[in-house]
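> Residues per chain, in single letters:
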Amino acid sequence: MPKITINCKEVEVPENYTVLDAVKSIGGYVPTLCYMKLEDIGIENKPASCRVCMVEIEGRRNLAPACATPVSEGLVVKTHSRRAIQARRTAVQLLLSDHPQDCLKCPKNGECELQDLAAELNIHNNPYFGKMSVHKKDISAAIIRDPNKCVMCRRCETMCNEFQTVGVLSAVNRGFDAVVKPTFDWPLENTACTFCGQCVAVCPTGALVERSYIDQVWDVLEDPKKHVVVQTAPAVRVAIGEEFGYEPGTISTGKLVAALRVLGFDKIFDTNFGADLTIMEEASEFKERLENGGYLPMLTSCCPGWVKFLEHQFPELLEMPSSAKSPQQMFGAVAKTYYAQKAGIDPKDIVVVSIMPCLAKKYEANREEMRSSGYQDVDYVITTRELADMIRESGINFHNLPEEEYDNPLGESTGAADIFGRTGGVAEAALRTAYEWITGEELGNVEFEAVRGYEGVRIAEVDIKGTTIRVGIAHGLGNVRKLLEDIRAGKTEVHMIEVMACPGGCVGGGGQPYHHGDFSIIKKRTEAINRIDKSKPIRKSHENPSIKKIYDEFLGKPLSEKSHHLLHTEYFEREWL
Amino acid sequence: MSVELESKFKQVEEYIDSLNLEGKDKVTKRSYLIHVLHKAQEIIGYLPIEVQKIIAKKLDVHASDVYGVVTFYNFFSMKPKGKYPINVCLGTACYVRGSGEILEEFKKQLGIKENETTGDGLFSIHAVRCVGACGLAPVVMIGDEVHGRLTTKDVKRLIKEYREKDK
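As you go down the protein sequences, you meet chains A and B in turn.
If you count by this note's numbering, then the first sequence holds residues 1 to 577, one letter each, in order.
If you count by this note's numbering, then the second sequence holds residues 1001 to 1167, one letter each, in order.
Next comes chain A alone, as it looks inside the complex (with noise of 0.2 angstroms):
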């Protein structure tokens, strides 16, 4: 192992190591922008390009970017010499010299990594100035891109090509005009995008950013003739409480809900209902397919963006998925018909919004064939950051905030639903029914290890009565890719593929507070729903009264005319690009 100094303090490193591993091994800093490494999902980003993370280093001529410079025997860095703190000053300035200056109106403001150089590095004047580069925002149901804010750190492409491999964004033109533009620079809504919202996660400025839908949200909370209810995902329950200060992991689940009904929402209810009432029809469908010899494997169909990945990229698969919406639009559904004939009110003034950790949820509540309540049947959706803004701006103090419960009837859910919020749960989850509808016997043990973890594909047997099931589990696009590679090729052979779009599932979805690279916040938000499981009472969906409720009155049973109206969808082939 080369022994290296750095700012007069000897150390031994490996031999793989970077500059900058070396400085952190050692509890150091050096700033940085456009480096990105999140080991757990082996993605690093590392252009060189934004020149801020520059050591001095003796004996050469230059300085060097730590995070691109190998380490080697006799290395001597300094990490603040005045000439480095002035190169990294220098970047950052003429970074600003081609940034609008609006920060105090920018979606990011106080998120912004840029802006955080710029107070770091004590930036109060600028002396460069001259022409900026002009490009025109592009707005979709979902994202907004605004180009004119992209320093080039390349991080989202990252996301998107290599992470997701959907290949969405690429660098175009070159020099004073190089950006990063979606494909023949069309709007991402005419693009293979799938919505996940990874590039949002990690762009570090203002470049990448959710559309919001808070004005729209206050609109309809202060119109009386409007009944506004409001479901929550899963993983929203689970992070919302770092926007205000918690550690991650907390779990703020009746804060949540106190949260809401203070902001002036009719109906709390959760979106776990409507994961519940997902397994009682993707589990309904998987037991059919297993026992008549229909298609296999059997996909998910819970994740928008993974939804949309399939109808581009693999279109003549379209029969694999289940045809179960996703819990959202069944909520949604069921909210306009079942919950309005309930409470006697007419489901033209029901308003439905949602709170996920997803942008593609945007997305998928405006496609078309969303509407099967006769009406749109979610009609907004704001992500976990969205919801932070709200309470903030209303002036809500969050830690004083009692714990308070769901509404009934569409807000009692197992711990089969909370799981849906992380990899491996929606497979888990279904196999708790499953198991129990195929044999006819009790599930001891309701945790599946073996499709637990984060292991980007996770093929897990898993014996149901002397038959063996397959369960294949991918997170990120990219892997479940390698996965269905493997089905086409006959290299692998699952009964079943979980597929969530995100890292870590929905808990690092894009419309979750802001990670900036650190993975251990997504796992600890994943131990958090785990304890949640294990807390609730029923972890079975089939055995929540509710949803035996709805069978019942609503209804009848899983697979039956009205559920096929009401919780059953299609998937249309789009164009691979």
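Hint data in this document are derived by calculation from the structure and do not stem from the laboratory.
Glycine included, every Cβ here is placed at the ideal spot set by N, Cα and C.
Worth double-checking, as some hints may not be accurate.
[What the hints assert, rightly or not] Covered by chain B, per the in silico footprint, the following chain A stretches (three or more residues, Cβ under 8 angstroms):
#1 167-175
#2 276-287
[What the hints assert, rightly or not] Listed next, the stretches of chain B that the computed footprint assigns to chain A, with coverage defined by at least 3 CB atoms under 8 angstroms from CB atoms of chain A:
#3 1047-1056
#4 1065-1077
Based on these hints, arrange chain B on the given structure of chain A.
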């Protein structure tokens, strides 16, 4: 889409097929990208979106990747060029010997801007960096032909020559 254009797309496809890349790994396929783009531009004269999609699919790369390469290199064009593209060299040697004025003169005589094509489709004007014929500076390439040691007075004559050639 015109029948003519369609048959050119077919030619591009056939060309890629002739490279026998079927079954090769992704990296090998992608390594042919620039080569294929050259060939496609030679066949069609430019690189419309449709042909970029065909190339992407055939070489198993994302269309955004193809688009990134096409926009990076000055040589590739997404707009149809004239039958006789006029490439005025603005490299250092040519520039100091007056190629800037020659470029202006071409624009004036043809009534078009840089990267535009005349209404009859005959000429388009492009500024290029060094073409490697500094000894002949200032240099203009029209199609494949090199014209050196030019002055602004030669511009009119050159345009006339090519107009006549086309008759």
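> Count the residues of the stretch 1047-1056 of chain B whose Cβ falls closer than 8 angstroms to any Cβ of chain A, and tell me whether that reaches three.
It holds, with 4 qualifying residues against the three required.
> Just to make sure I understand the rule, a stretch counts as covered if three or more of its residues have a C-beta closer than 8 angstroms to a C-beta of the chain. Does the stretch 1065-1077 of chain B meet that for chain A?
holds (count 5)
> Are there three or more residues in the stretch 167-175 of chain A whose C-beta lies closer than 8 angstroms to some C-beta of chain B?
holds (count 8)
> Please count how many residues of the stretch 276-287 of chain A have a CB within 8 angstroms of a CB from chain B and say whether that reaches 3.
violated (count 0)
This entry does not satisfy hint 2, going by the numbered hints stated previously; all others are met.
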